[in-house]
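Protein chains in written order, with numbering that gives the first Met the number 0: chain D, 0 to 144; chain Y, 0 to 787.
These are computed hints drawn from the structure, not numbers from a lab.
The reader is advised that the hints may include incorrect statements.
Claimed, not checked - Listed below are several chain D residues computed to face chain Y (Cβ distance under 10 Å; list not exhaustive): (1) Pro19; (2) Phe22; (3) His41; (4) Leu83.
Keep in mind the model is a prediction, meaning the values are calculated, not measured.
Note that beta-carbon positions come from the ideal geometry of N, C-alpha and C, so glycine has one too.
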Amino acid sequence: MMMQDLYLIVEIAGQRAVLPASFVESVVEIDEVAPVPCAPAHVFGLFALRSRVLTVIDTIAALGGDRSTAGEKQAVIVTFDGHLYGMLVDNVDDVVAIEGLPTRPRARLSPGWVRYSAGVLEHEGEPLLVIDIPAMIAGPLDLAA
Amino acid sequence: MDDLLGDFVAETRETLEAMAGEIVAWEATPDDRSRLDTIFRFVHTVKGSCGFLNLPRLEALSHAAEDVLADVRADRRRPDARLVSAVLAMIDRIAEVTDAIETGKEISDADDHLLVAALQPGAAEVEAEPEVLATAETGATGVATAPRAVSRSIRLSADLLDRMMAGVSDMVLARNELARRLRDGGADSTTEVAFERLSSCIAEMRDAITRTRMARVENLFTALPRMVRDISAELGKQVQLEIDGGDVELDREMIEMIRDPLTHIVRNAIDHGIELPEQRVLVGKLAAGRLHVSARQVGNHILIEVIDDGRGIDAERLVQKAISAGILSHEQAAGLTWDRKLELIFEPGLSTAQQVTSISGRGVGMDVVRANVERIGGLVDIESRPGQGLRLTLRVPLTLTIIPALTISSGGQHFAIPRSAIDEIVRIGGDAVRMTKLGGAEIVFIRGTRLPVVSLCNVLGLSGDIEPANLVVLKLSGGARYALAVEAVHDHEELVVKPAAPVVMACGIYGGTTLPDNSRPMLLLDCAGVAEKAGISRDEKNVSEPVAEDESEGLQEAGAVPVLLFCDLDGIERGVPLALVERIEDCFASSISTTGGRMRLNIDGRLVPLISCGAAIGDLKVRVLRMHDGVEELAYAIDSVIDIVPVTIELQRSAVPGLVAGVMLVEDRPIEFIDAFWLFEQGLGAEQNRAELPMCRLSDNDPWTRQVLAPLVEGAGYRVVFSEDQPDAAADLVIISDGAAVRSVEGAAVVRLRPTAEDRGASPESLWRYDRAGLTAELRRHWNKRSA
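With the sequences and hints as input, model every part of the structure.
Listed below in C-alpha cells is the structure:
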C-alpha cells in the first residue's frame, strides 16, 4: 500500500509549504494578541480562541525575518504536546493527499528553512517543503538552547 | 458518618470493585506476582486507613491478611489454593464490614477468628469457608440483602467535567459579546433586566462548575493531625505537626492521587524517621520530633513537602538490604552515588525498618508512593541527612488552578499576580513610602523597612510612558521581600490559571495564562522568577530574620557571607556578619543598668551585657543588635540598620585589638567591621587584668617607638613601659633599636630592631623594624613563654 497522508498547503514568508494535517485543528483569523514580554522573537503573543488560549508563533520571525506587525492575520491552529499554537501564515490553500515520504531537499536551503523543514514532498509537479511543526514552535536554535 | 469515614468506605468499595477481576485471576494463577502485589497493597491500605479511623476490627482482619501475603511475597509460603481461598474469604469479610460501616448495621465478629485461623499454615480444610460465610450472613441480620444507603455523591469522569468547563467558558464569552451588542443597540429596560438575570446565572454556574474540579489542598491535610496523633501515641513518640499552605487550590483529581502517597509518607516519617523521645534527647534533639507538611506553588508545579527532623535514611543500609534482597549486585552498588542509593527506597520490597510494625514497614509504601505520583506526571524527590532528618517532596504538575490574583498593568499591558505572594500594596508618594537610590539601584523605605525596588516595565523590557504609581510588595518563599513598581493596580479576581506553552514558560517569569472576562489572555507573573530576572537575590532577607541555613550555603560557596551594615552611635558605618546577629530590637533606655562600669540590658528579666562604641546612648530608646556566639549573648547598641549585603570579607586588619577588626570597602563605602571576638571578650569581662599582662619595656623614646611600635606591642597583649618614663620598671621583654646599649633587665628577653631591611641572615641578632610577621611571632613567643 502506498503511503498517503493529508497535508495542508500554506504560504509562509512567500514560500509555499505543507503542514501535516494530523497536527492541524483549524484555521482562524487572528486580530489582537496579548504580547508576551521577554519571550523569544518568534512568540507573537497569546490569543483567545473561545475559552482556550493559543500561543501564536510568528513564522517569519522564526525564519530569521523581522517580527510581524500587528493587524489581522491568518493562523493555522495546531496541537502539540497538549498545548495549542497558532502558526501565522500568509495564505492557506488547500488540504491535499500526497503519496510517499518526504525526501531530502537537493537544493541548499536557507539557514532558517533548514531548521524547520522535515523534507520535501512533490505535489502536482511542485516541490513543497514539509514544515517541522515542533521545531518551528521551539524557534531558532540559539534561543532554544 | 463523618467525611473521612465516608471517603474510606467509598474508596474501599471502589478498589474492591476494580480488584474483583484481579482476585479471580490470582486464584487462577497464584504465582502471579503483580496480582499478588495489587491485593497486598489493598489490604495494606485498608489496614493503614483503619489505624487512624479507629476501626480495630477491620484493622485486625486486614493485618492478618497482610501478614500472610507478606510471607508469600517473601517466598516464605507458597500460595496454594487453600491460602488463596482464605485470603479471598478475608477480603469478602472486609467488604461486608465496610458496607456495614455505611449502613450502620452490626455484623457479628464471633467468627472472625476462624477467618484469621484459616490463613495460618496447616489450617483446617477451607471447607470451613462457606460455612463461615453462611454464619456471617445469618448472624448479621441479613446484611447482604439490606439496601445500601443512597450516597449523595457521585463520581464523574474528568473528561466530562472538562467539557462542562469549556462549555461554560464559551458561554461567558458569548454573554460578553451579547452585552456589547445590547449596549451598542440601546436595548430597552426589560431586555436588560432579562440579560442581567442571564448574566448572574451564568456567573454562578461557572463558579459551580469550576469548583467541581478544584479543591483546597487543605482537604488533603485535614486528616493529618488526627493521624499523626494516633500514630505517634501508638508508637510512644512525640510529634509536633506543622501544616502550611493549605489554601493552595488544586485539581481534585490530583488531590485524590496524592492522598495515599502523602499518608504513606507521613506515616513512614513518624514510624521510621522520628526517634523515640529518649533517643532524641540522647542525640541532643528536642524530645518532640518536628514534622512539617506544606504545599506551595512554584512555577507550574505544586510542591508538597514533608520534612521531619528524625534520623533520616541510611543509604548504606539500604544498599546492604538491596544486595541481600538480590535487587542489586555488589559491583552495581559500588558505582552508585549517594542519591542513587537513596532512591533504592523506591524499589518494591525494600524497607529499612528493623521491625515490622502495624503502622508501616513492609516496603510497600514508597514504591506505591512513587508509582502514584508519577502516574499524574509528578516527581518524588528525596533528600536525606542521616541523623538530621528527611525531606520528601512531591512535585505535582499544575494542570489547572484557581488562584486569587491581583491584576495590575505595566507598559500598557495587564498582568496577574498571585495574591498569596502579595504582602501589601502602597502608593508611591504616600507618607510612609520613601524612594531613594543606593549605588544605582532603586530602593524604598516603607515604614522604616528597606526593600529593593523592581520596575516591572524594565524587567519586561516594555517602554512605560506612564510613571509607576504603585508598589506591590511581594514576598518570596524564602521570606525575602521586594517591591514591584507598576503603573496601576486594578482588581482582585479569582482567575482560572492554565499552564502556558513551554516556549512561554521558558521565559522564567510567568506562572501560566488566564482568560479574564474581556477574552484577552493575561499572563500570571511568577514573583520568584521576576525577582531572579531583576537580580534580586533570595538572600535579601528581612533584617529581623535570621538567615536560613539553606540560603546562606550558596553564599558561602562563593566565599561571601551576608553582612549586616549599620550606622553606629558615633555615626560611622560599621558591619558585622549576619550570622552573629540573632535579632534587632528596640529597647527602652530605662532598661539599661550600669554596674561596675559595665552596661547591662534587661531583656525579659535577664541581664545581658550591652556594649557600645562609646558614644552616648539616646535618652529614650536604643536599638540593639542581639548577638549570640552559641553560648553567650550580648547586645550592641547602634543607631540604625542600613542594609544586608553579601560580602567576601577581606579586611585591612587593625593591629590593635578593639571594637574594629578592620576596614573594607563595601559598595564603594568604607565599612568598619566589628571584631566579634573582642566584642564577646568585652561582654563577658574576659579581658585579662592589665596587671597580669606581661610587661614590655621600650628603650627608645623616639616618636616611631611611641606611635608606631607601642600599639603593635600592646596589640600583642603586653603592657608597655618606656625606659624614659620608668627606667627601673621590671619587664619581661625589652625591645631596643639595634646598636643601642643594652641596659640589662633581670630575667628579660631582648629583641633588637634595625632600621633597614637586609638579607635574611645578615644580622641574625636583630629584626627589621617593619618585619611585622617576624616581630609578631617574636612577641607571641615571649608572651607564651611568660604565660606558661
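Results of checking the hints against the structure:
Annotation: interface hint on Pro19/D violated; nearest CB of chain Y at approximately 19 Å, more than 10 Å. Given hint, Phe22/D at the interface with chain Y, is violated; its Cβ is 14 Å from that chain's nearest Cβ, farther than 10 Å. At its closest, the beta carbon of His41/D sits 8 Å from a beta carbon of chain Y; the interface hint therefore holds under the 10 Å criterion. For the restraint placing Leu83/D at the interface with chain Y, the shortest Cβ-Cβ distance is roughly 8 Å, inside the 10 Å limit, so the hint holds.
Of the hints listed earlier, those the structure fails to meet are numbers 1 and 2, in rising order.
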